[in-house]
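First to last, the protein sequences are chains A, B, C and D. Heads up, the first sequence is in this note's numbering, so the first residue is 171 and it goes up one at a time. Heads up, the second sequence is in this note's numbering, so the first residue is 11 and it goes up one at a time. Heads up, the third sequence is in this note's numbering, so the first residue is 8 and it goes up one at a time. Heads up, the fourth sequence is in this note's numbering, so the first residue is 2 and it goes up one at a time.
Treat the hints as calculated values from the structure; they're not laboratory data. Some hints could be false.
Said to hold, decoys possible - Calculated pairs, DSSO-like style, for lysine-lysine (alpha carbon to alpha carbon, straight line, at most 27 Å):
hint, chain 1, residue 1, chain 2, residue 2
1, A, Lys541, C, Lys180
2, C, Lys36, A, Lys630
3, C, Lys614, C, Lys175
4, C, Lys175, A, Lys535
5, A, Lys535, C, Lys180
6, A, Lys277, A, Lys193
7, C, Lys581, A, Lys535
8, B, Lys68, D, Lys128
9, A, Lys615, C, Lys180
10, B, Lys39, D, Lys27
11, A, Lys541, C, Lys36
12, C, Lys175, A, Lys624
13, A, Lys624, C, Lys37
14, B, Lys39, C, Lys614
15, A, Lys624, C, Lys614
16, C, Lys175, A, Lys541
17, A, Lys541, C, Lys37
18, C, Lys614, A, Lys615
As the list claims (entries may be wrong) - Far from chain A, some chain C residues (derived; all Cβ distances over 12 Å):
hint, residue
19, Trp15
20, Ile26
21, Pro421
22, Val632
23, Gly634
Here a beta-carbon is modelled for each residue, glycine too, at the ideal position from N, C-alpha and C.
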Amino acid sequence: MDRLTILIIIPVLTVLALIFSTKRKSYRVIAAIGMSIQTLYSIYLLLEYLSIRQAGNTSEMVFTRSIIWFKPWNIRYEIGVDGIAVAMILLTSIVTVSGVFVSWRIKDLPKEFFVSLLVLATGVFGFFISLDLFTMFLFYELAVIPMYLLIGIWGSGPREYAAMKLTLMLMGASALLLVGILGLYMHSPLIEGQHTFSIQAIAHSPMALSDQLFFFPFVFIGFGVLGALFPFHTWSPDGHASAPTAVSMLHAGVLMKMGGYGVFRVALYLMPEAAHEMSWFFLILAGGSIMYGAFGALRQTDLKYINAYSSVSHLALVLFALLMMDAVSWTGSVLQMISHGLITALFFALIGMIYERTHTRDVTKMGGLMKVIPFIAMMYVMVGMASLGLPGMSGFAAELTIFVGAFQHSGVLERVFTVIAVLSIVVTAVYILRVVGKMLMGPIKTESFYHMDKARWYEKTAAILLLACILGIGIFPNWLYKLIRESVEPMIKLIQ
Amino acid sequence: MDSGIQISDILIVTAIMFFIGVYGFVTRKNLIAVMMALELIINAAAINFIMINKLVFKTNLHGVFFGLFIIAVAAVEVAIGLVIILNLYRLRDSIDPEEITTLKH
Amino acid sequence: MNWSYTIWIPLLPLLSFVINGLFYGRMPKKMSGWLGTSALGISTLLSWVTAWKYFFNTPHQGPYEDITAWHTTWMHLTDRFTIDLGIYLDPISIMMLIVVTTVSFLVHLYSIGYMATEEGRNRYFAWLGLFSFSMLGLVLAPNLIQTYMFWELVGVSSFLLIGYYYDKPSAVKAALKAFIVTRFADGFFLIGILLYSYYSGSFLFEDINNIPAILESNGSLPVFMGLSALTWGLLLIFIGGAGKSAMFPLHIWLPDAMEGPTPVSALIHAATMVVAGVYLVARLFPAFHASDHGFALQIVAIVGTFSSLFAAIIAMTQMDIKRVLAFSTMSQIGYMMTGLGVSGIGEEGLGYTASMFHLFTHAAFKALLFLGAGALIHAVHSNSLKDMGSLRKYMPISHITFLIACLAISGIPPFAGFFSKDLILEAAFEKNKLIYAVGWITAGLTAFYMFRIYFMAFWGEDKVYAHKPHDPGITMTLPLIVLAIASALAGWLPFNEWVTSNHETLHTHFNIGSAAASVAIGLVGIIIAYILYKNPSMTPQKMSNRLGVVYQTVKNKFYVDEFYEGVTQQVILKRIATPIAWFDRHIVDGTMNLIGNTTVRISSIIKGIQSGDFQVYAFGILIAVIGLLVWLNYFIQ
Amino acid sequence: MTERIIFYILAFIMIVLSLMSVTTTKIVRAAIYLLGVLMGTAGLFFLFNLNFLGAIQLTVYAGGIMVLIVIAILLTHNVGFGLPMPDRRHMLLGWFAAAVGITVAFLEFTRHIFVIGTENLDDRVAKIGADMLHYGEGGFVLPFEVISILLLTGIIAAIVIAKGGIPHKRPTPPSSKQS
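Just chain A, same shape as in the assembly:
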């Protein structure tokens, strides 16, 4: 059994255990145990990876394995990781395990809920370890489908609408993606008379510029929709608002990162010339939506909407940095993905906790929560600070890296949008603090708010786990930076 497949096997086994268990109370325990093992294994994987690098292994991917599973098309189960994938895997496992803890008290159909959640996580893990475009695509779809069920069944508000919208838009995107992937396949180098889906093979002999120009938009938009690229972001506010807490966490925390990761690994890496050629257009879209998302968040009153628009803004920053096509920006972009994953997961977790107690997500109807639920409120302040880029939190390290990287481009367009991106942190501060001021501070507005449960142990576990990661990365970002940077370096070298 090789190292990476275990990442898929653990969730699958957990799902099987869930299916065969019959006691209602045991579901969450099984899920929590399974995901904790997964997290520990991810940490082990990271250490293993670091030690391999320490030992002087400089190959682009490690722990590789390639098994052919569909001969006629040469589709392979080809897996392997570099520093970026390892970091994303770690992020996924941490968000998943805290998601399980946050859903500790789920009432309806707990077994089915955890099964869907873990299937989703399986898809994500598979996505991050895949090196074969088709297998990657398959895992991507595996992650999207449970999302529909999770929102449609366990959601709130107009959940069918939101679930439908989300799924349809993502499916539409994957249709584009499939076109792009098949295009890449058809123009891939022939190995023993067969085309290949292998990312590594395609990267080393990219297709002609004219073909790239045709297929690049497909792949970029295909993944961009998942990464909330303007104007295809509208599934995210509705989807997040309706989804149950753990799903919002996983979705904003991890699934949306798959978009950024895909843009990075497939669109830019495999079609670099087209990326250079067309980056101006997407730069305008991404750069504009940094501000656009921030201003959009300014006027929302629903906590989840605020956060969803904030995600739009922050993920636009990810795409923006990716389009800069240099090592520092790319590293910053991956850092931002990880940082935003943690931050937004914690945000959604806290919003879920607040919602459970106040039964409203309308900011204007709340007030003075600091007094009654100090733990959750303080956590919210902290994560808000992280989100607005306070030094010492992960957001700052990531954003600073992006800004420094982006500022090394002296073109007028890049300059202008870099400045816009920097100024967006001001707007971010405004909408975050507006919530903090209205919801957490001020006098208590409703009588019933005086009697609220304090945070429970499982809520504290989830929140502290995430916050510890945010602080850890924020205070000591260099190891993570190095981990990512070392993997970005050969990619950049290859595409230039």
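On the provided structure of chain A, position chains B, C and D as indicated by the hints.
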């Protein structure tokens, strides 16, 4: 035998019959009447086969045989069709084609 | 010489923050205050030791050296851009170290008494610790990014402390305002850093201040609107500094920040954080001075001078004692900016030294004023001057210390303010007569409004108090006394030997004419205040009525707040954010929904065709057959 | 010439009767008109000396099939049952389509030049019978067998369907339900 009757005359007559049958087929609100319109269509087709054999392609009797077979098949079709209609009538008390819309499912 | 122990100076307050924060609610109430105070006490001790070692115990010829006492790589972005965290010691950072730790220690001590009855004391002391840590990190930073990081952190701790009474809506509003306004400035600050470092190729102060080397390595710098990119970078950085130092027009947060507890105002909004902008300009002084012949420095001088006059005028009309002090702070910081702005380098660096000197003395007497005001507020439970009067009878210690502070700020010899302010005016006189004139008038106004509150609070008519006011306990009076001594004597320190623009001793000449002029106008201000406010009279009321509109405008702070309110509410929220939100919901999302709905609608049309009615199907077949026939016959050759 | 006249008369009768057959509102009358058409067809065959075919037409069609239809009518309707008229829109559409079809056919048949074979068609009944059972070239024994089997299965199917009906009635599915 030269009757002076042109093949095209016959074909036009049968074409008119055929399309009258088609009209009946698409407009009738009674399955038996639809069936009868169908007979018109079949009949027109059969005449065409036979007459073209008789007047144009005279080397063999293929058209005549086709005519015969058509008549035979038409008999079967009517027999079974009517039985089905009867069964439908027994089941649903109606032989209005607009109410028999099970096909869309 | 080993300086690495200095790492503990910022770390001890951090420790206090962490312990107070983690054991929030579990720690005995009294312990948190003493924990913070002792942490800061040790830090203060270490700072004084460091200063002593640096200035007296280091064998050196010529200028004082810059020492990087400790550093670690925080982020290794590229070989050019490495972000270090470190401790950088030079005369101004050591001076700031002294100011920050000492004032912070005294404020901690004072707070033990002041906050004795508050519920959330642990929170308060945790945040005070966080602030002290951040401020120390800021002053000790060896590079711009560290400066920026801690700059943000002090902003946040300021936000948290202003919003300490978080169930009071006005406090919440003030906290948000303070954070957002400074954050707005910080956005430009960050752009400035990025722009500047793009050309300098480094974040380190040594490289940034080395303008000739930058010019050499870049060849020609791009010029925009007649100014080089470096000057633009510096101006943007100065916007950041102006935001934090409450310079016009970014000053609006400072008066509102007085909603926080009074010791916080003393620490953050008088002595330390608000002078960060001045400190930043001083840090980058060689760059400011060299780039484009000091154009940016002229801007600094103009902004500083204008702010000082502007704030002094407003301060004369305010009735809230803390707001008067807030505007006075703004005015004094304007002085410091002016000092830097008119300064040269080397032998012409009088303004630089004067500015730093004023920063130092101002920290002492302004902290004292705030703490004294805190004692008054503590005693009468009101911020308003209307509720105070004849307090000299009840609170002798507060009275004397407050008087010393007032004399110091008014520039009456031999108190501290006289020396530093006089030096600034002297430097301005040599550089620009107009700036000097404005500064001179401002000095008079300062004396007037300070003695206005002094007379109104301690003299005037005897009010009826619900509880008899009295001097506070020892933890609160001790800081007052210490600071009063400092305010009285700090002026005699030989600053020109220690803190100078080129780290060498600056030779100053005492200019008797200038000194006489500033003392004279100070005395005039005091006398006018004495006449108007010593005894309760209706004269001030009559005068303000006579002035009418002018008085109202000044009292309402020239309507700057209203202007900002209008811009944010009407323009940004109503004209930008609302349309964007609408656009997103209706146009972008609407388009997506339209695509979905159109699909559904088309499918329902197509669905109608499959009605299950076989006659319809037959009709379809018929049409198709006829169509096919026609097509085959007439359209296919 | 007489034959032509007879043909035109026959053709006229057939067209009119078929028209009446699809437009009448009395179902029994429709059957009778249809019978007329079928008999006209038989007449056509006789006119062209296709006596065997004419006979078959009369016996199988006019005789057998029509009897079946009439019986079916009797089983499902009371005599004198009025057929509902099709609604105007359907009628117009139907006529229009029919007219277009007739026009197209007419144009086509008049335009096309038929190559008339010169030899004489051997259409004796004996020849038909011989070819029917002949298995060499031009023989139709295989289709004949197929048709026989078809007839057999048809009869069996008719019996099964007619007899195997379940007496109890299924409730009609609600027609309003979509998809």
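Against the structure, the hints:
Under the criterion of a C-alpha separation no larger than 27 Å, the hint pairing Lys541(A) with Lys180(C) is consistent with the structure, at around 17 Å. Simply put, Lys36(C) and Lys630(A) have alpha-carbon atoms about 24 Å apart, close enough for the 27 Å limit, and the pair holds. As the CA atoms of Lys614(C) and Lys175(C) are separated by approximately 62 Å, the hinted pair breaks the 27 Å bound. Our distance criterion of 27 Å between C-alpha atoms is met by Lys175(C) and Lys535(A), whose separation comes to about 17 Å.
Straight-line distance between C-alpha atoms of Lys535(A) and Lys180(C) comes to about 17 Å, which keeps the hinted pair within the 27 Å bound. With a C-alpha separation of about 14 Å, the suggested pair Lys277(A) and Lys193(A) falls inside the 27 Å cut-off, and the hint holds. The suggested pairing of Lys581(C) with Lys535(A) holds, with an alpha-carbon distance near 21 Å, which does not exceed 27 Å. Taken as a hint, the Lys68(B) and Lys128(D) pair is honoured in the structure, with Cα atoms around 14 Å apart against an allowance of 27 Å.
Only pairs whose Cα atoms come within 27 Å are accepted, and Lys615(A) paired with Lys180(C) is accepted, the gap being roughly 17 Å. A threshold of 27 Å between alpha carbons decides the hint, and for Lys39(B) with Lys27(D) the separation of about 12 Å falls inside it, so the pair holds. A C-alpha spacing of about 17 Å is found between Lys541(A) and Lys36(C), which places the hinted pair at or below 27 Å, so the restraint holds. Distance check on the hinted pair: Lys175(C) and Lys624(A) sit about 23 Å apart at the alpha-carbon level, within 27 Å; holds.
Distance restraint check for Lys624(A) and Lys37(C): the Cα-Cα separation of roughly 25 Å lies within the 27 Å cut-off, and the hinted pair is therefore satisfied. At roughly 22 Å between alpha-carbon atoms, Lys39(B) and Lys614(C) fall within 27 Å of each other, so this suggested pair holds. With a CA separation close to 55 Å, the supplied pair Lys624(A) and Lys614(C) exceeds the 27 Å bound. Of the pairs offered as hints, the one joining Lys175(C) and Lys541(A) holds, with about 12 Å between alpha carbons and a cut-off of 27 Å not exceeded.
This hinted pair checks out: Lys541(A) and Lys37(C) have alpha carbons roughly 21 Å apart, not beyond 27 Å. For the proposed pair Lys614(C) and Lys615(A), the alpha carbon gap of about 53 Å is over 27 Å, so the pair is violated. The beta carbon of Trp15(C) sits about 18 Å from the closest Cβ of chain A, which is more than 12 Å, so the claim that it is off the interface holds. With a closest Cβ-Cβ approach of about 16 Å to chain A, Ile26(C) is found to remain outside the 12 Å limit, as its non-interface label requires.
Every C-beta of chain A lies more than 12 Å from that of Pro421(C), the closest at about 43 Å, which supports listing it as non-interface. Interface exclusion of Val632(C) from chain A stands, the closest Cβ pair being 35 Å apart, more than 12 Å. A cut-off of 12 Å between C-beta atoms confirms that Gly634(C) is not in contact with chain A; the least separation is 32 Å.
Figure legend: structure checked against the earlier numbered hints; hints not met, in rising order: 3, 15 and 18.
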